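Could you put the whole structure together from the sequences, leaning on the hints where they help?
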Amino acid sequence: MSNTLLYLITVVIWGSTWLAITFQLGTVDPALSIAYRFSLAALVLVLYSRWRKLSLRFSAREHLFIALQGLLLFSTNYILIYLAEQYLTSGMVAIIFSMVVFLNVFFGAVLLGDSIQPHVLVGAAVGVLGLVLIFWPELSGFSLDNERALGLLLAVAGALSASLGNITSARNQRHGLPVIQVNAIGMAYGALFMALLVLLRGAPLRFELTPEYVVSLLYLAIFGSVVAFGSYLTLLGRIGPGRAGYATVLFPVIALILSTLFEGLHWDLVGAIGALLVVAGNVLILRRRG
22 MSNTLLYLIT VVIWGSTWLA ITFQLGTVDP ALSIAYRFSL AALVLVLYSR WRKLSLRFSA
82 REHLFIALQG LLLFSTNYIL IYLAEQYLTS GMVAIIFSMV VFLNVFFGAV LLGDSIQPHV
142 LVGAAVGVLG LVLIFWPELS GFSLDNERAL GLLLAVAGAL SASLGNITSA RNQRHGLPVI
202 QVNAIGMAYG ALFMALLVLL RGAPLRFELT PEYVVSLLYL AIFGSVVAFG SYLTLLGRIG
262 PGRAGYATVL FPVIALILST LFEGLHWDLV GAIGALLVVA GNVLILRRRG
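Heads up, my numbering is the position in the sequence shown plus 21, with the first residue counted as 1.
Source of the hints: derived by calculation from the structure; they are not laboratory data.
Since this is a predicted model, take the numbers as computed values, not measurements.
Incorrect hints may have been included.
To be verified - With beta-carbon atoms standing in for the labels, derived distance ranges:
hint : residue 1 : residue 2 : range
1    : Trp157    : Thr43     : 14 to 24 Å
2    : Leu290    : Leu77     : 48 to 58 Å
3    : Leu77     : Leu239    : 17 to 27 Å
4    : His84     : Asp289    : 48 to 58 Å
To be verified - Below, a list of computed lysine to any residue pairs in the SDA-like style, where the Cα atoms sit at most 20 Å apart:
hint : residue 1 : residue 2
5    : Lys74     : Gln202
6    : Lys74     : Val248
7    : Lys74     : Pro199
8    : Lys74     : Gly197
9    : Lys74     : Leu64
No residue lacks a Cβ here, since even glycine has one placed at the ideal position from N, Cα and C.
The structure is reproduced here in C-alpha cells:
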C-alpha cells in the first residue's frame, strides 16, 4: 500500500474507535475489555500468519523487545487513557494524547538517532493548536483540582507509553522484525499483561453478551487493532515516528465528524478554524522535503 493509503486507513479507523469504545464502558472492567480486544486481535493475526506461512519464531532477545512493545503499545497506554477519562473529558485527553507527535520526535532523536526536522515540529504545533481550538469549550472550564490533576498525570503517562511503544516498534522494524508477526505476538503479550492486572486487582471476570458490546469489541479488535495498528506501524517504519505520530493529532477530528453525524454535535466558528489548522498541520508534516 502507498503511504497515503496507510495514513488514511489509520486516521479513519482510529478516529472511529473513540465512538466504539463508549460501548465498551459498562459492567466489564476496562482492563478486561482491553485483554479481550487484544486476545482476539492476536488470534486473528496468528491465524493469518499460519495461513500465509509466515514464521512466528523469534529469539529470546527478540521476544523481550516484542514484549516491551506489547506492554507499552498494546496495554499500558490503553489502560492509562481509560483511567484518565474517568477524571477528564475526552477532549482534554485528546489534547494531551496529541503530545505523542512531539514525544516521537524527541525519543526518535534520543533513542534512535533520528534527525529532528523543523517542518515536523511546526506542523505538529499548528495541529495541536487546532485541537485546542476545537475542544476549547471543554478546555476553558478546566481547573487543576485533585481529581483533574490525577487525570492529567494519567493522560500524560498514557502519551509517554504510546510514544515509547512507537519507538520500540521502529527499533524492532530496523532490526528486521516483521510488523504482522510482531503485532501478533506483541498483542498477545499486551492481553496477558492486562489479564494479570485484572487478577491482581481482583476485578470480576465478566463478559457482556449484548449486541453493542460484542459488535464494538469485534470492531476494535479487527479494525482498530489488526488493521489500524498494522497500517500505522508499517507507516511508522517507512516515514519515521515523528511524521507517523501526527495521526494522533488528526484522528480526534475524525471522531468529531462522526459525533456530528451520529450524536448531533454542533460546530462553531472557533471549532471550524481549529479543524482547518489541523489539516494545515497535516500538510506541513507529510509533505516531502527536497
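Looking at the structure, which of the earlier hints fail to hold? none
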